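2 protein chains.
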Amino acid sequence: MSTQPAHPTLLIPGPIEFDDAVLQSMSHYAESHVAPGFVKVFGETLSMTRKLFQSTNPAAQPFVISGSGTLGWDFVASNLVEKGENALVLHSGYFADSFASCLETYGANATQLKAPIGERPSFEAIEQALKEKPYKIITITHVDTSTGVLSDIKTVAEIVRRVSPQTLVVVDGVCSVGCEEIAFDEWDLDVVLTASQKAIGCPPGLSIIMFSGRAIETFKSRKTPPSSYYSSMANWLPIMQNYENFKPSYFATPSTQLIHALHTTLSQITSRPMAERFAAHRRASDRVKAAVAELGLQQLASKVENQAHAMTAIWLPDGLAPPDVLPGLLKRGVIFAAGLHKEVATKYIRFGHMGVSIMDPARDDIEKAIAALKEAIADAKRAKGL
Amino acid sequence: MSTQPAHPTLLIPGPIEFDDAVLQSMSHYAESHVAPGFVKVFGETLSMTRKLFQSTNPAAQPFVISGSGTLGWDFVASNLVEKGENALVLHSGYFADSFASCLETYGANATQLKAPIGERPSFEAIEQALKEKPYKIITITHVDTSTGVLSDIKTVAEIVRRVSPQTLVVVDGVCSVGCEEIAFDEWDLDVVLTASQKAIGCPPGLSIIMFSGRAIETFKSRKTPPSSYYSSMANWLPIMQNYENFKPSYFATPSTQLIHALHTTLSQITSRPMAERFAAHRRASDRVKAAVAELGLQQLASKVENQAHAMTAIWLPDGLAPPDVLPGLLKRGVIFAAGLHKEVATKYIRFGHMGVSIMDPARDDIEKAIAALKEAIADAKRAKGL
Numbered sequence: 001m002s003t004q005p006a007h008p009t010l011l012i013p014g015p016i017e018f019d020d021a022v023l024q025s026m027s028h029y030a031e032s033h034v035a036p037g038f039v040k041v042f043g044e045t046l047s048m049t050r051k052l053f054q055s056t057n058p059a060a061q062p063f064v065i066s067g068s069g070t071l072g073w074d075f076v077a078s079n080l081v082e083k084g085e086n087a088l089v090l091h092s093g094y095f096a097d098s099f100a101s102c103l104e105t106y107g108a109n110a111t112q113l114k115a116p117i118g119e120r121p122s123f124e125a126i127e128q129a130l131k132e133k134p135y136k137i138i139t140i141t142h143v144d145t146s147t148g149v150l151s152d153i154k155t156v157a158e159i160v161r162r163v164s165p166q167t168l169v170v171v172d173g174v175c176s177v178g179c180e181e182i183a184f185d186e187w188d189l190d191v192v193l194t195a196s197q198k199a200i201g202c203p204p205g206l207s208i209i210m211f212s213g214r215a216i217e218t219f220k221s222r223k224t225p226p227s228s229y230y231s232s233m234a235n236w237l238p239i240m241q242n243y244e245n246f247k248p249s250y251f252a253t254p255s256t257q258l259i260h261a262l263h264t265t266l267s268q269i270t271s272r273p274m275a276e277r278f279a280a281h282r283r284a285s286d287r288v289k290a291a292v293a294e295l296g297l298q299q300l301a302s303k304v305e306n307q308a309h310a311m312t313a314i315w316l317p318d319g320l321a322p323p324d325v326l327p328g329l330l331k332r333g334v335i336f337a338a339g340l341h342k343e344v345a346t347k348y349i350r351f352g353h354m355g356v357s358i359m360d361p362a363r364d365d366i367e368k369a370i371a372a373l374k375e376a377i378a379d380a381k382r383a384k385g386l
Numbered sequence: 001m002s003t004q005p006a007h008p009t010l011l012i013p014g015p016i017e018f019d020d021a022v023l024q025s026m027s028h029y030a031e032s033h034v035a036p037g038f039v040k041v042f043g044e045t046l047s048m049t050r051k052l053f054q055s056t057n058p059a060a061q062p063f064v065i066s067g068s069g070t071l072g073w074d075f076v077a078s079n080l081v082e083k084g085e086n087a088l089v090l091h092s093g094y095f096a097d098s099f100a101s102c103l104e105t106y107g108a109n110a111t112q113l114k115a116p117i118g119e120r121p122s123f124e125a126i127e128q129a130l131k132e133k134p135y136k137i138i139t140i141t142h143v144d145t146s147t148g149v150l151s152d153i154k155t156v157a158e159i160v161r162r163v164s165p166q167t168l169v170v171v172d173g174v175c176s177v178g179c180e181e182i183a184f185d186e187w188d189l190d191v192v193l194t195a196s197q198k199a200i201g202c203p204p205g206l207s208i209i210m211f212s213g214r215a216i217e218t219f220k221s222r223k224t225p226p227s228s229y230y231s232s233m234a235n236w237l238p239i240m241q242n243y244e245n246f247k248p249s250y251f252a253t254p255s256t257q258l259i260h261a262l263h264t265t266l267s268q269i270t271s272r273p274m275a276e277r278f279a280a281h282r283r284a285s286d287r288v289k290a291a292v293a294e295l296g297l298q299q300l301a302s303k304v305e306n307q308a309h310a311m312t313a314i315w316l317p318d319g320l321a322p323p324d325v326l327p328g329l330l331k332r333g334v335i336f337a338a339g340l341h342k343e344v345a346t347k348y349i350r351f352g353h354m355g356v357s358i359m360d361p362a363r364d365d366i367e368k369a370i371a372a373l374k375e376a377i378a379d380a381k382r383a384k385g386l
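Taken in order, these protein sequences are the chains called A and B. The first sequence runs 1 to 386 under full-length UniProt numbering. The second sequence runs 1 to 386 under full-length UniProt numbering.
It should be emphasised that the hints constitute simulated quantities derived from the structure, not laboratory data. Do not take every clue at face value.
When chains are identical, the list treats them as one kind, so a pair holds in a single copy or across two.
The calculated DSSO-like cross-link candidates involving lysine-lysine, where the alpha carbons are at most 30 Å apart (straight line), are [claimed, not checked]: (1) K247 to K384; (2) K247 to K133; (3) K154 to K136; (4) K220 to K83; (5) K220 to K331; (6) K368 to K347; (7) K368 to K131; (8) K347 to K374; (9) K368 to K40.
Only a predicted model underlies this, so the values are computations on that prediction, with no experimental measurement involved.
So that you can see chain A by itself, here it is in the shape it has in the complex:
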């Protein structure tokens, strides 16, 4: 039995439901951020972060910093791009617009390669764009939370290495790390940034970033100093290296309770092969997608190969909007999210299926949500006379 009070099941694309032990770690008693007990917990957390990314290359470096996932964009833009350098932003939904805006804030020339809603830029278009001018970085949203579109980061990385080998491959993995396959070393990625509250299953408040040795060297050879203070790798690199070597270090006070919670969830995640976890999320996603099709509904991500396994963005039947359906879901104990992509926000809903809702055999969250969705859509249609 869960130790949590009864509450509706949160099945949005993050935050997600939390494991009891993770939530209990959140109420850890007060500790000094430089005392041996906490230093050990933080150091182990950083080592487990490497496993999360399936990385064993010691030149790669994980960062765990207090802040929202959004902070990861600042970390990339202010450390890896200098004023006037080019960034190619692959657009598969809302989040590319925001990442481009962040890059421009720090002086980058951001070029967006846009796909129609529910699609992703083609490999041909990416290759063509890379040939047109030299790009310092290319950014890819692994799973765009606004559309449920999955990008093929492995293939994009291969194209980059073949066509423009110096370009750094930056993955926004906020809605993918912990449930979609990522092989950081093997796929030769340079940055993956994420947040604590999605498939990793830790409450929100930590920005988690993995840098390759190549990305760190790029930072070290900058001609100008980094253009942010809080996000400066110069400030954080020694801190992370010290903690992972179990030495206390101070730049800013870490979120001690959140680090305990991250330690707990990463201990659970890394106790089993990551491949098992990815497969479980694929199976659950297949079940959700099949149920959506059985209801006669379509996904924003129209092609099987670009459908995320973390979440499903579902077009509502004509004549229905999120406020017609979400209350019916809540009445049945399930919370989905409304649309987020500005152009079509009133026409779709989002169903997140990540973390303990998938991995904990004691939970029946997904079956309950599928049944609730079926009933809530039927109720809404009846109420509207559809």
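Since chain A is already given, all that's left is putting chain B on it; use the hints.
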């Protein structure tokens, strides 16, 4: 009886001991950051933040953002200062060096007005400096955590308004908000920034910032866009205004559990007049200072008027260093901090006395710590043959 497991009492200058109810709020079950329940909690938290600063002026605006206290410096530097503008940084310890470094990262010309260790710049020197050139902002560390020096922000603000009325008065209140007197409106301050984990008594991970109407107008009349993305007021202002009006809003996912904990502690703090809280911290501080004097020890802050009530930085007897004394304190169930000011770090220790250790009548933390300090110093002297 506390619901927390037995643990040594944390009496460093933050994080501090937490109230049971605050820690229980940290393990709140998963919620959507845009659902009505959470929106209400966040909105009320922002309203209570105004009370914490004793502010009723609706033109002032509180911000609560995921990040360490350090992030508050970026928020000031990237929103209020444009490239080439002057900042006067009053130096009363380590933290002014870092704030100046942050300001310079964003293009400010930072001039530090330095005092000897344990002192603060004189009012005459501040007035003189303000007359020498136009300063966009002046920064003051209310309590410098490295030295225990208290600044007189009320008098400094008066000097600024008389000599250089357009200069924005920026207070680093990381180690003061919630225990040292601050009257935001009455003293005509422009910014006070702080963090959750000190006298406010919430676990670390939230940057809390109060801006005056004047500071917001200064931001709005910038000639160039703000030079940070994550810290841009343009991104956060509508979010904070919406939440306080109980409307959901999205720029970055808030730390939902930390916001619950902040709500709990601010509910406790604002249920009583702030003056009572300040007086209780003054009494406790007087008791600590008297005990330190009885032990024949000196404080870094040598004059009564510049001694903080939040903490005490204590010179160790000649021949003793922090590693000689801190283990003896830990053996007696008390944790103090080592020195932090680089030049003299090995010669002193720091004793934090804030929050529930002062306000909860069921606790005897301060008396226990004073007794432990006396014994630990005596033991250390004996071991060294002093």
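Taking the hints in turn, this is what the structure says about them:
Taking the shortest Cα distances, K247 and K384 sit within 30 Å of each other only across copies (27 Å), while inside one copy they are farther apart (63 Å). Taking CA atoms no more than 30 Å apart as the test, K247 paired with K133 passes in neither setting, with 44 Å inside one copy and 44 Å between copies. In this homomeric assembly, K154 and K136 come within 30 Å of each other (Cα to Cα) only inside a single copy, at 19 Å, whereas the closest approach across copies is 49 Å. In this assembly of identical chains, K220 and K83 lie within 30 Å of each other by CA distance both inside one copy and across copies; the values are 16 Å within and 24 Å between.
When the C-alpha separation of K220 and K331 is checked against a cutoff of 30 Å, the pair qualifies neither within a copy, at 54 Å, nor between copies, at 44 Å. Taking the closest pair of Cα atoms, K368 and K347 come within 30 Å of each other only inside a single copy of the chain (23 Å); across copies the shortest separation is 62 Å, beyond that limit. With identical chains, the CA atoms of K368 and K131 are never at most 30 Å apart, being 49 Å at best within one copy and 70 Å at best between copies. Within a single copy, K347 and K374 get their C-alpha atoms as close as 17 Å, which meets the 30 Å cut-off; across copies the closest is 69 Å, which misses it.
Taking the closest pair of Cα atoms, K368 and K40 come within 30 Å of each other only across two copies (28 Å); inside a single copy the shortest separation is 40 Å, beyond that limit.
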